[in-house]
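Asker: If you want the building blocks of each chain, they are given just below.
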Amino acid sequence: MTAFGKLIRTTAFRLTLVYLLLFALFAASLLGYFAWNTRRLITEQISTTVTSEISEMTDIFSRWGLRGIVGAIESRALRPGANLYLITTPTGQAIAGNVGSLAPGVMGGSGWSETFYRRLDDASEQNHRALVYVTQLSSGFRLLIGRDLEERRRLFGIVAKAAQWSVLVVVVLGIGGGIFVARRVLRRIDAMTGTTRRIMDGDLSGRLPVGRSGDELDRLAENLNAMLERIEALMTGLKEVSDNIAHDLKTPLTRLRNRAEEALAKSRSEDEYRAALERTIEESDGLIRTFNALLMIARAESGQARGDMVEFDVAEVAGGIHELYEPLAEDNEMTLRVKAAAAPVHGNRELISQALANLVENAIKYGKPAALPLDSHAASSSREILIEARREGGQVLLSVTDHGQGIPEAERKHAVERFVRLEASRTLPGSGLGLSLASAVATLHGGELRLGDARPGLIATLVLPAGAGQSAKLAAPTQDVPQKAA
Amino acid sequence: MRLLIIEDDRESADYLVKAFREVGHVADLASDGEEGLAMAESGDYDVLVVDRMLPKRDGLSLIGALRDKGNRAPVLILSALGQVDDRIKGLRAGGDDYLPKPYAFAELLARVEVLSRRHGGPAEETTYKVGDLELDRLSHRVARGKDELTLQPREFRLLEYLMKHAGQVVTRTMLLENVWDYHFDPQTNVIDVHISRLRSKIDKGFDRPLLHTIRGAGYMIRDGLR
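Protein sequence lines correspond, in order, to chains A and B.
Following our numbering, the numbering of the first sequence begins with 1 at its first residue and continues without gaps.
Following our numbering, the numbering of the second sequence begins with 1001 at its first residue and continues without gaps.
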């Protein structure tokens, strides 16, 4: 496409053309209205003057007869810029007046007519137009009084010229402006197109140029940039995940394979085979769990789970998870406590429950103090895990606090990433996905996962936007438990 | 128990048929949606095991068609789509239970057995009795022999669920779903801890244990060893 072709195809240019047409129509109708009204006004004025002079002349004729009227006409006809006068005999012979010639038949009729005429004192051969009134006096004399229409014509000429000029100016300005605007827009669009092409070619770090005017194109560019930011983050995430999957899933798969191989090579008794197979199943169950967790994170991150959101009270989730994990904590010589005030959110109950469960499991696994303090009271409080749910302004905070070693500030951001297992936890079983899921769930709800220092220990907080509030009614899917017993 | 397995993957279908036959059930096989629908309508099956993605007619539409015709045979849906809303969709379509792939056969067997009992079982009972253990669902009282037992509300519901399915294997996932209404799998042995607490209340100090651990599957409450 040529540069000009591109230019005239732009929306800006087409819009300009449309406006141009509209404006020209507007100007034309305005001038037309003006011209028509002026013409009417002039015509009216002429007819008023003529009518009054006709009645004056008729009056003079009836008082002083032919001589009187001829005298009046001759004196009036000589004034500068005089009207047109002509008086004829019944046979059509001119007696007095300033009209030299007329279109034929005008004197024969009566009433208003428009006609060509020539003045007596006019040497040129040119015909003029006039509006005349012809009336018959008594005894057959005919009287014509009229007015030249030159004025009207001149005015019309002025209006027509004005129309021509204004149309010309409008068209030139319009097209010029259109080209200017279209080129400006086109330049920016071309810049954007260039960037997007680079991005499509694989350079995800490219960003669209954003001007300073804050107009619609800038806003568009800003939004597209935000979108690119998100896509880049997702792509980076995806790449990290595939790298991590390669590493963290291949390791257990290799272990699985080695065990099977070893069993085939060495085992002899049925018990040994059985044990090997049981370990294999355990290992594959772990793999399946990891896959499920990965899928769940992917779902939460892609925003698909938004469909299942209901209004519910986080305090009840906190209570439920406390109830579920309290015995497990006790088995691990820890105390799990819950402190929950009504805190409504609009969200996916299942996912938030799971996120909280992950945080509690982490606290149970890693939340033991490094060394037991001597003071027994301190010892008991340091083995406490606290689940807390409360509302703070427009936010609902759901936190789990332990008094273990915590996570050093520098590592907190890193800890949320998929498959990351901090050095301290490498030796304990786990997939390294717990915090990632909690974080993805918080993000899905428009919140975040905050990791803080509990001095000592870790405080992990799910920050969620508060829901509408009044209805803490639960819309959780009710599980219809099989009703018939054996 | 007569089972119909509707599954298009030959290998997993054959495995299922064989595994169900080994534990003493009759299992028929249909390998696409249309064939499955025809067989389900003509045969009198106790439970249908339906894969969600099938050739010719997908699992959910098959269940819908069956239900429209008034067939109330319990259906367990097997699916690679294991997320919460997939599950809800499956249950809404008329399924009675939903098991995501990959699954353990023990889990599938336990669920199918629970489904078959539920279908045409006796009317709702207000008391459950296993050996000398008695649970009254109305007064929330539990007694073993002459001893009254004090249970926490959740322990009561756990025991109630186990006793409702006395003699049947109940898996950890089934317990988490039905007693706690959670559909995720915990990374820890949290259910085992609840069971061991319950066990210490109902079995400790009695010479005949009632609550048994079934290796590789789950738990079962029953009187004596079969």
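No lab work stands behind these hints, which were simulated from the structure alone.
You may find that some hints are simply not true.
In silico contact screen, one side only, chain B against chain A (beta carbon under 8 Å); selected entries [to be verified]: (1) Asp1085; (2) Arg1154; (3) Trp1180; (4) Tyr1182.
If you're wondering where the values come from, they're calculated on a predicted model, not measured in any experiment.
Glycine is no exception: its CB is placed at the ideal position from the N, C-alpha and C atoms.
Asker: Give a verdict on every hint.
Answerer: Hints, one by one, checked against the model:
For B:Asp1085, the interface hint holds, since its Cβ comes within 8 Å of a Cβ in chain A; the closest pair sits about 5 Å apart. Of the supplied interface hints, the one on B:Arg1154 holds, with its beta-carbon coming within about 6 Å of a beta-carbon of chain A, less than 8 Å. Of the supplied interface hints, the one on B:Trp1180 holds, with its beta-carbon coming within about 6 Å of a beta-carbon of chain A, less than 8 Å. Annotation: B:Tyr1182 was flagged as interfacial toward chain A, and the flag holds, the nearest CB pair being 6 Å apart, inside 8 Å.
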